[in-house]
Amino acid sequence: MVQAQTNDGGVVSATTEAGAVEATPDSVKKSFEDRFPGIQAKEVRRTPFAGLFEVQVGMDLLYTNATADYVMQGALIDAQNRRDLTAERLEELSRVSFSSLPLELAVKQVTGDGSRKIAVFEDPNCGYCKRLHQALKEVDNITVYTFLFPILSPDSTVKARNIWCAKDQAATWRAWMLDGQVPPEAVCDTPVDTVLALGRQLMVQGTPAIIFADGSRVNGALPLDALNQKLETVK
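In this text, residue positions in the sequence shown follow our numbering: the first is 1, and each later residue adds one.
Keep in mind the hints are simulated off the structure, nothing from the lab. If you're wondering where the values come from, they're calculated on a predicted model, not measured in any experiment. Here a beta-carbon is modelled for each residue, glycine too, at the ideal position from N, C-alpha and C. Treat the hints loosely; a few may be bogus.
Just the calculated beta-carbon pair ranges, DEER-fashion [stated by the list, open to error]:
{"id": "1", "residue 1": "Thr111", "residue 2": "Glu88", "range": "30 to 38 Å"}
{"id": "2", "residue 1": "Asp26", "residue 2": "Asn141", "range": "47 to 55 Å"}
{"id": "3", "residue 1": "Glu92", "residue 2": "Asn228", "range": "18 to 26 Å"}
{"id": "4", "residue 1": "Val71", "residue 2": "Pro48", "range": "16 to 24 Å"}
Could you build the full structure based on these sequences and the hints that come with them?
Dropping the structure here:
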């Protein structure tokens with residue numbers, strides 16, 4: 001059903017019967033990409049709303065009708081059950097298989113028995129990353145895998161190299177993030193380019209990006225209470 005507003009403020013409804021009946025995710029994908037050349041629809045799915053399709057573009061969700069004549073951006077709400085279907089879908093899309101992460105490319109820090117695990121994409125010059133480390137300082141029994149992800153400046157790349165090439169990566173990283181001790185210059189082969197490619201693959205768009213052991217993700221620094229609460233819920 002498509003609604004259009006008339007000049008006098010009334011609403012005229014028209015049913016696109018052929019589109020509603022015959023449209024498939026594949027046909028909607030083609031219509032959308034024809035309508036917006038250069039924009040790739042990664043996936044198209046039906047929604048519970050008849051005639052409305054979900055279009056994934058990168059990590060964003062849009063909604064369109066069968067022929068891509070109308071496009072909406074925003075939250076799709078299941079009013080009957082009080083569920084934000086868009087938020088649920090975005091959470092699903094952002095999940096990462098923790099076991100598939102190349103943890104050997106990360107700086108590893110272990111506190112206590114290290115039983116709880118997180119992986120974090122971090123830029124050495126990211127202020128929010130430093131704020132996260134102030135919270136992590138108060139968390140026990142955790143292993144933190146830091147993927148050095150220098151995206152803010154050329155200096156970030158230099159610091160990432162110096163930290164990775166340090167004799168004690170974890171101590172050098174911790175000293176910089178918590179105490180502001182500049183990493184001494186060191187040169188070696190680094191996995192920075194590989195990590196940058198991994199971040200792009202996982203749609204990491206900023207730092208810190210925290211991945212928990214259950215595959216869920218949080219973008220941004222969590223305060224201590226929220227971090228502890230999240231860790232308690234991860235099984």
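- [ ] Quick one: which hint numbers does this structure break? Sort them smallest to largest.
- [x] Violated: none.
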